[in-house]
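Using the sequences and the hints given, assemble the complete structure.
Protein chains in written order, with the working numbering: chain C, 3 to 348; chain D, 1204 to 1321; chain B, 549 to 717.
None of these hints come from the bench; they were simulated from the model. Please note: incorrect hints may appear among the correct ones.
Stated by the list, open to error - Here are the simulated DSS-like cross-link-like pairs (lysine-lysine), alpha carbons at most 25 Å apart as the crow flies: (1) C:K78 <-> C:K64; (2) C:K327 <-> D:K1315; (3) D:K1241 <-> C:K147; (4) C:K200 <-> D:K1288; (5) D:K1230 <-> D:K1241; (6) C:K64 <-> D:K1239; (7) B:K576 <-> C:K147; (8) C:K147 <-> D:K1239; (9) C:K68 <-> D:K1230; (10) D:K1241 <-> C:K78; (11) C:K68 <-> C:K78; (12) D:K1239 <-> C:K68; (13) D:K1239 <-> C:K78; (14) C:K147 <-> C:K78; (15) C:K68 <-> D:K1241; (16) D:K1230 <-> C:K78; (17) B:K576 <-> C:K78; (18) B:K640 <-> B:K576; (19) D:K1230 <-> C:K64; (20) C:K64 <-> D:K1241.
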Amino acid sequence: MNVGTFILVSAIKTVIALLVLLTAVAYTVWLERKVVGHIQNRWGPTRVGPFGLLQPLADGVKFMFKEDLVPPHVYKPLYIAAPIIAVVCALTSISVIPIGNWVTVGGLRTPLQITDLNIGLLIILGITSMGVYGVALAGWSSNSKYSLLGGLRASAQMVSYEISLGLSLIGVLILAGSFSLREIVDAQAGSFWGFIPKWNIFYGGQIVAFFIYLTSAYAETNRIPFDLPEAETELVAGYHTEYSAMKFAMFFMAEYANMITVSCVATLLFLGGWHGPLFGAAVLQEILPVFWFLLKVFVFLFIYIWVRGTLPRFRYDQLMAFGWKFLLPLAIANLVLTGLIVALRS
Amino acid sequence: MPQNYVPIFLFMAVIAVMIPLPLLLAKLVRPDNPSKSKLMPYECGIDPVDSARGRYTVRYYIVAILFVVFDVETIFLFPWAVKFKALGMFGFIEMLVFLGILIVGFIWIWGKGALEWV
Amino acid sequence: MQPVATTFFFYFLAALTLAGGVLVITRKNPVHSALALIIALLAQAGLYLMLYAPFVAGVQIILYAGGIMVLFLFVIMLVNLERSQREEQFNKQWLLGIIAATALGALFITIFVRGRAIFPVHIAAVAEESNTQEIGLMLYGNYMFTFEIASLLLLVAIIGAVVMAKKRI
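Next comes the structure, spelled out in structure tokens:
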């Protein structure tokens, strides 16, 4: 494939990926309202369209027609930039995430991924660490005490859990020997003893790493039980207290896009990505990997919502103690153990 | 720029155009009639007292600096991990020494109470 | 991997780096300065990518743009901005500053002109595909002791940070 075709193909993939991602974000919100509704013995959205399926559309229109208040004394450039930074960081991660194998469309063989990088995982970690700025600047520029506290809490929490997040990936890296997400998934092909799939989660101590990853990722995305930055009962929405209309919608989009990224990465790193039973006709064989991938991502999103409907919120000192005194030592111990097992086997 | 990295810049260019679009579009259709009480910083209905950008506890600073140190440690582990199978037992012991020195520091700050939030 | 639009990317990223650097010292608001520094650091990461050193680029983003700058921002937000904004931005030692800057510039130019023989222009020795793996092999093979000493440096950093901050708790 020459360079021109490559750029053209990736431009097309970018547009498709963005459309799919934004739709997925809208419907994750719908799913959350519906599932949490049922958990709390309510119906959730039912009025707009069948099962409330058009609710995201109605919400979007409403966000457009809402009055956008910009309080005086805010640092206006940063106040406007903060939601944009948050949403750009949240969306960019998707550009390195593979959703399936190579496919051939019209004689052109291309991977189901915008671009395959040798440092794919590093890029995702980097973008995640940039996401802190959206939150911190929103809190600081808003000129509100709640916002400042929320922004500070959020950034301190995000940086604290970033370490255990990074350490939990080491085991996967040892097993795959690469940062490329595609190679990490390829390393998980096959099975142990013919029936247990060779996913990383089933390998030695990786199940501990998986739970460390999931917990840190929940904290990283500021979701319950770690949603201290926006704790309604004490900080009234935290860093986005002073935001309204479309700017508020941007933070909302960023949060859900981050959830989707976390679910995708968890699937790729620990649950074997698009690997799953293949059967049937040739066309079905092409589609099934994507289906398995989306199914696993959906399960993760469902667990996210389930946890939200079930668990209460931490206290802030508990949250910090949990991150620094429990998750971090556990991640280091797990990493040493994994290293020892692999070193002894080789 | 190596070929594979170009799509990321392309992607960012697309969202840099796409994201501000609804913000501008909404400007055309939304109502705009602010009033004094609407524009007040939200403080549960009470008039705000004092500057909002006050000073805050130094603990946030400790968390940030500890984060930088342990982030460097994590970064050092990355190239070690991807080449671990080739480095073998020797690499494992090497990393054990590295981690050991840092764990001593970690235990020390734990004992000093720098990890306590209250 | 083929290079694409090298000229455009080089000048684009170089311009971003320089603009960021200039904004860091000319902005009066320290938060704006910090943001400009982040932009300069990110553009630098792009330049590393162009040099076929993706691991260094990733480290640049995670560590400098995402780690150290968070610390900077925390410290800036910790100090009283209203007062610092009213203070004079440049002090009276601009003459000394100009001399120092000229000396440094002259040093850079000398090294650039005379050092071409010492630092020959050649293709990177490490392939882009296995960049991280090669770095791993080098760091934990040839440069083992330097790496172990790095952990001592980190230990000193931890102790220093806590000792400095603990007094005020």
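Okay, the hints, checked on the actual structure:
no.	hint	result
1	C:K78 <-> C:K64	holds, 24 Å
2	C:K327 <-> D:K1315	holds, 13 Å
3	D:K1241 <-> C:K147	holds, 17 Å
4	C:K200 <-> D:K1288	holds, 18 Å
5	D:K1230 <-> D:K1241	holds, 18 Å
6	C:K64 <-> D:K1239	holds, 24 Å
7	B:K576 <-> C:K147	holds, 24 Å
8	C:K147 <-> D:K1239	holds, 19 Å
9	C:K68 <-> D:K1230	holds, 10 Å
10	D:K1241 <-> C:K78	holds, 17 Å
11	C:K68 <-> C:K78	holds, 19 Å
12	D:K1239 <-> C:K68	holds, 18 Å
13	D:K1239 <-> C:K78	holds, 18 Å
14	C:K147 <-> C:K78	holds, 17 Å
15	C:K68 <-> D:K1241	holds, 14 Å
16	D:K1230 <-> C:K78	holds, 16 Å
17	B:K576 <-> C:K78	holds, 16 Å
18	B:K640 <-> B:K576	holds, 17 Å
19	D:K1230 <-> C:K64	holds, 13 Å
20	C:K64 <-> D:K1241	holds, 19 Å
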